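A.B. asks: Fit chain B to the given chain A structure using the hints.
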Amino acid sequence: MGVRPGATQEEIKEAYRKLVKKYHPDRFAGTDLEEVAKEKMQEVNEAYEILMGHRSNNGSYSDSSSSYGYSGGSVNIFQRVRERMRVGDFAQAEVLLDNIRDRSAEWYYLKGIILWRKGWYSEASSYLQTAVNMDPSNFEYRDALDRFNDSVNRYRQQQQYYHRTSRDDSDCCRLCAMLYCADCLCECMGGDLLTCC
Amino acid sequence: MFGYVQPLKPELKVKEFSLYRGYYCGVCKALGRLYGQPSRFTVTYDAAFLAFINSALTEDEENISLERCAVNPLRPKPIVSFDPAVNYAAAVNLIMAYYKLKDSWHDEKNSFSLLASWVLRPSAMRMKKAYPEIGDAVAKQLGRLAILEAEKATSIDEVSHPFAKLISAVLPAPHVKGRQRRVMEWLGYNLGKWVYIVDAYSDIESDIASGSYNVLIAKYEKDASPLFPSSITAVHVNRQQREKVDTSISSIREKSKAEVEFILNACLAEIGKAFELLDIKKNGALLENIIYLGLPYKTQMMLNGRGESDGSIQGFGRKARCNAGGDKGGL
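As given, the protein sequences belong to chains A and B, one line each in that order.
Numbering-wise, the working numbering puts 909 at position 90 of the first sequence, and it's gapless, one number per residue.
Numbering-wise, the working numbering puts 150 at position 138 of the second sequence, and it's gapless, one number per residue.
Bound conformation, chain A alone (with noise of 0.2 Å):
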């Protein structure tokens, strides 16, 4: 967990809690690294509960994954895809998706879903959105399309946050700056902030 030996129960809460964080499996939802995720995730709590000496769940991070056993639609053979998905078998799930003639709200919905894991973001978003657009009250497929363009968008964050933390020497200048407008703002007045300019 990166603590090092004899560190405190708050230590080892606060570093548990940035790692809860990091590997949350919600982040990266959609994709095959949600299964590396959990296994982390899993690690950290085994990690935890061992450094807090008992074995009791509580307080620790339990999954709640998202499963794809949803079975809204009385056709069978989306139910066989959902199966597929289930054990993560993709692949096959993609192909019996593929000979079905009946394409509804549903198929589209699934076909997003699968070439979302596939790295097919462009596809992916289209038939999502379909999907959402043919059956607008379907509270799973808005969920989908949510995660999916959220999953997209949080590279925006995860920069900005670089940028906060990468070591920045702009911040000296304009504290200089800030210093000789006070100062002129004070002479302006009468008197001196700053004596030798």
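Derived DMTMM-like pairs (lysine to aspartate or glutamate); straight-line CA-CA distance at most 25 Å:
1) B:K164 / A:E913
2) B:K231 / A:E942
3) A:K837 / B:E288
4) B:K293 / A:E853
5) B:K189 / A:D908
6) A:K859 / B:E197
7) A:K937 / B:E161
8) B:K231 / A:D917
9) B:K294 / A:E858
10) A:K837 / B:E71
11) A:K840 / A:E853
No wet-lab data here; the hints were simulated from the structure.
Since this is a predicted model, take the numbers as computed values, not measurements.
C.D. replies: Structure of chain B alone, referenced to chain A:
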């Protein structure tokens, strides 16, 4: 991978830059040692990245020595040598260069490429013997790509898929196993897709001029390519025709920009996420620079039609810094 994967130099520390150079020189020396002196002409910075990221996953310190080389005979430079990641990157670099030359002979009938590919042939065979599954994967995916290009396919996701799969297969070195390998494969898939699309977008102009296939032209301007046959050289094209070409270039750029930007950002997001799940053992800051600064910088430069800059001098400009992600203020 055509040299798009590079750090943003102005943000690098000097020691990080010389270490990166050390990997580049290490790949070059390894090429000479393992595949003969002519193969050293094929070295690219992409191979340096390949060596660097694979080496970062192992705890072993780099074996750095000061050596002279023919390009710089007077001052010895630090180079990373006898590193399995560097040797692997040299092999991948060679096989990619070999296929690229073969491809350019096939497309352009350029006799230099034929000669060069003929020179590299024995080394390429040696590489395929050492890494049979890598050689097979590269050949297979390039074959698929050739079929899609011959069909003049119009789906960006579909056409970029084989190249993405190719990079996904070559990015993790053989010593990377298990969960880390899965993450590297996903990172490679998205990196390959990014490279393919960046390359397609920056080649719109030359592909229209030569009448070559380009997925963006095929999708957004189905009648743009045969404006004038490739046998007529640019000198003979009259002004009217040239204006027509110019407008079609800018219209394809404009029309495709939204979709291209969307896919590229999605790829960058996935690359960033995959990177977070890697267990980086050393040199993390430089990799962060490449992934969070270098790639977005290239993306923005290319979308704004300035694909040729390498981020050295331009990186200091105010506008370039804004493009690279965030304005850092300053005076």
